[in-house]
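K.L.:
Letter by letter, the chains look like this.
Protein chains: 2
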Amino acid sequence: MDLERTPLLTDLYELTMLQTYYAHGMTEEAVFELFMRRSSHRGFFVAAGLDQGLEWLETLTFGDAELEWMRRSGLFSDAFIETMAGFRFSGRVNALPEGTVFFAEEPLLQIVAPLPEAQLIESRLMNILHYQTLIASKAARCRLVAGDTPVIDFGMRRAHGGEAGTWASRACYMAGFEATATCLGSARYGIPPTGTMAHAFVLAHDSEAEAFERFARNHPDNVVLLIDTHDVRRGAERVVEVAHRLAQDSIPVKGVRIDSGDLAANARMTREILDEGGLQDTRILVSGGLDEYRLETLLADGAPIDGVGVGSNVNTSADQPFLDSAYKLHYFRGKPRSKHSSGKTDLPGRKQIHRHYDGAGMMQGDTLGLMETADAATGLLKTVMENGRRLPAGDGSLADARERCQTQLHALPEGVRALREPAEYPVTLSAELEELLTQTAPER
Amino acid sequence: MDLERTPLLTDLYELTMLQTYYAHGMTEEAVFELFMRRSSHRGFFVAAGLDQGLEWLETLTFGDAELEWMRRSGLFSDAFIETMAGFRFSGRVNALPEGTVFFAEEPLLQIVAPLPEAQLIESRLMNILHYQTLIASKAARCRLVAGDTPVIDFGMRRAHGGEAGTWASRACYMAGFEATATCLGSARYGIPPTGTMAHAFVLAHDSEAEAFERFARNHPDNVVLLIDTHDVRRGAERVVEVAHRLAQDSIPVKGVRIDSGDLAANARMTREILDEGGLQDTRILVSGGLDEYRLETLLADGAPIDGVGVGSNVNTSADQPFLDSAYKLHYFRGKPRSKHSSGKTDLPGRKQIHRHYDGAGMMQGDTLGLMETADAATGLLKTVMENGRRLPAGDGSLADARERCQTQLHALPEGVRALREPAEYPVTLSAELEELLTQTAPER
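These protein sequence lines are chains F and L, in that order. If you count the first sequence from 1, position 363 lands on 363 in this note's numbering, and the numbers rise without skipping. If you count the second sequence from 1, position 271 lands on 271 in this note's numbering, and the numbers rise without skipping.
So here's chain F without its partners, still in its complex pose:
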């Protein structure tokens, strides 16, 4: 069972529900929507993960191992297992192109498919889109705060498993990061790879100077030296010594990295030492426990920092490690449907989103209306899959998504971009949708 392809990466209840749906011929077209509920820590979200979601849908089949597990479990009928042996996803997908900025209650994905197909895919589809959206949304905040300073993803080691580490490279790059330290992220998605050295490298040598010089001569094109293994001041001084020897062989020290202590103070001290040593072109990179909040402080007071590496705080979206994502049935058998319990009222019907801009190109507000009467050309949700096959609209490149994201981030109203207590972006319901909402009062 291939982790990245198996349909068993789902919740058991998807399968038990399906058995009943098939048993009762409940295979008419259903519409499910994936959306996020409001988050007090995020003024906006960035849609990500669609490419992996569509790839999974296109290849979704039950192999022998999966069917055998179903048999052994004793939970399913033979007839149902046989049905699943022939399972394919045959539906339509409408979605926000990756990199699109969106808001609470707006569908980022809409599945139109026979009820059992649309139901089965819930768990994994959410698993894919939720995580990448979570990280792209976090990374976008770092990108906005960092201004022109390059930000790099360093966090794979503490990401939650390998898929998360790899997807985080992708989501961060989409949000505008410059590079990733994760080789697989680079290999799979064509993201520039980057890296310096670990403290262990310095410790494995008998002196810091020897470690620096060996590394530099072995990687003459990309010399970035880690200077805080023992003492940052001495580390910076050693860089100057070594740089003079390396200069004789035309090897430039491109950068140094500081990973501990007061990063701003260390960067200032290091800048002075490097400048006095004639290394005005050597860049200073910092890392260690950074996120958008600490970046804001660090960069606000003008510390001489030329690049930042972020890790665990971003890869785990530490201040908000999950979003209140939902995948809900909103239309079935010709009827809008929605859950109304306990104050969480979902919006029924098949929806479309329209966005409004002011004269300066800044986003003013969105309207949530119904797909049936919407203008497809201007609606944000695009049809990216039909009959279980991707359409060209579902084939956007990562570079396009990155560009889209940058453009939209800069069109966001200031207050909505705020790191703390962001303003609520205006999302209004169309008159039709309002009416539908009052009509579909809870069944009693």
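If you are wondering where the hints come from, they were derived from the structure by calculation, not from laboratory data. The hints are all genuine.
Chain F is nowhere near these chain L residues, computed Cβ spacing over 10 Å in every case:
hint: 1; residue: VAL240
hint: 2; residue: ALA247
hint: 3; residue: LYS382
hint: 4; residue: ALA423
Restraint-style ranges between C-beta atoms, simulated for each label pair:
hint: 5; chain 1: L; residue 1: GLY86; chain 2: F; residue 2: ARG245; range: 32 to 38 Å
hint: 6; chain 1: F; residue 1: GLU68; chain 2: L; residue 2: ASP395; range: 21 to 27 Å
hint: 7; chain 1: F; residue 1: GLU68; chain 2: L; residue 2: GLU434; range: 55 to 61 Å
If you want the ones that stay clear, here's a sample from chain F, every Cβ over 10 Å from chain L, calculated:
hint: 8; residue: SER90
hint: 9; residue: ARG402
hint: 10; residue: PRO422
hint: 11; residue: LEU437
All residues carry an ideal CB built from backbone N, CA and C; glycine is no exception.
Go by the hints and put chain L onto chain F.
P.N.:
The following block gives chain L in isolation, referenced to the frame of chain F:
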């Protein structure tokens, strides 16, 4: 490139450092240790992930796709790429058996291998062990708070990717959960699968009663009905109606699930309705935003709850989404080594852990000493791999790990188990280690 096997699931700097190590023949034996620094939110950790770590080490090779990526990157010499084509892990691994309770600064894993081998594996090994340990440690807190109430893992959809979702099933089961909703977790690790139904199932039917009855007749052995799609009181009343019809065909309603609102109040109301309706044996499960803190409140006031499902808060370890894990070089070329910068002083040398119990079998404290002079029979770190091959000691079953964890959790001093501001468990350094620490003052 298979996500679960590829050596490119690593940081670029591991490869650039390796190129220098090989170029300079720095292939002598090194000792790296993986440990956690102190966490104010966790009084103890539970070791997990070793099985996946060892499996990865045993199968670690560079395939054609990996070598091709290295070539295309332009970052490596031909000689180095050729070396990596023949790469195998040939080292020894000493580790805490999975399910072992451990504390800050104690190595949960010790790698003894030629320097480049021990270095390369850093990123992925930490990625594997850090996440499972993070989740087992979180889940153990839920297990302790829940007492005898079964706890179930429901969180795959919002876990960070598929590997995290599947590993969380395993880590939670190790920590004492009863079952998992994730089919792949069940299929891979033999964990009991469990599930009820989604709100969509109820919404897809024209009445709640019809949804309940269809589901029950289709899954007569495991009828658990979700009663909060519209209104919990009406949902419970419908369960009673339906149960009477089902009883005529000897189909019992095993349980109901409540997923929203005031769970304690809803459980009390539901219990009354079920009891009055003659359904005293029907269990009440609750879910929705639960973690150890909310479980404590929920169960403390005696709400009639027979089982709980936990999801995102546990699968993402939301109050502490990553641990301050470190993988550090502690011995190389006959010399203990450690990083001393900025107040974070690592403990040098090859370490072993001994644990002390009082007469009642409660844990009193640990001693961290040096492996060279330690009693191997009683030390907590066991040799689980030698020459890159697993030893029988590295082949423990998940059931054993689960039992080990339960035993140790109940031997933990009360204060150390506390959910908030846990007491610090006494970990003392042996005289030898203290001496070594003073000897290895920072190189200046």
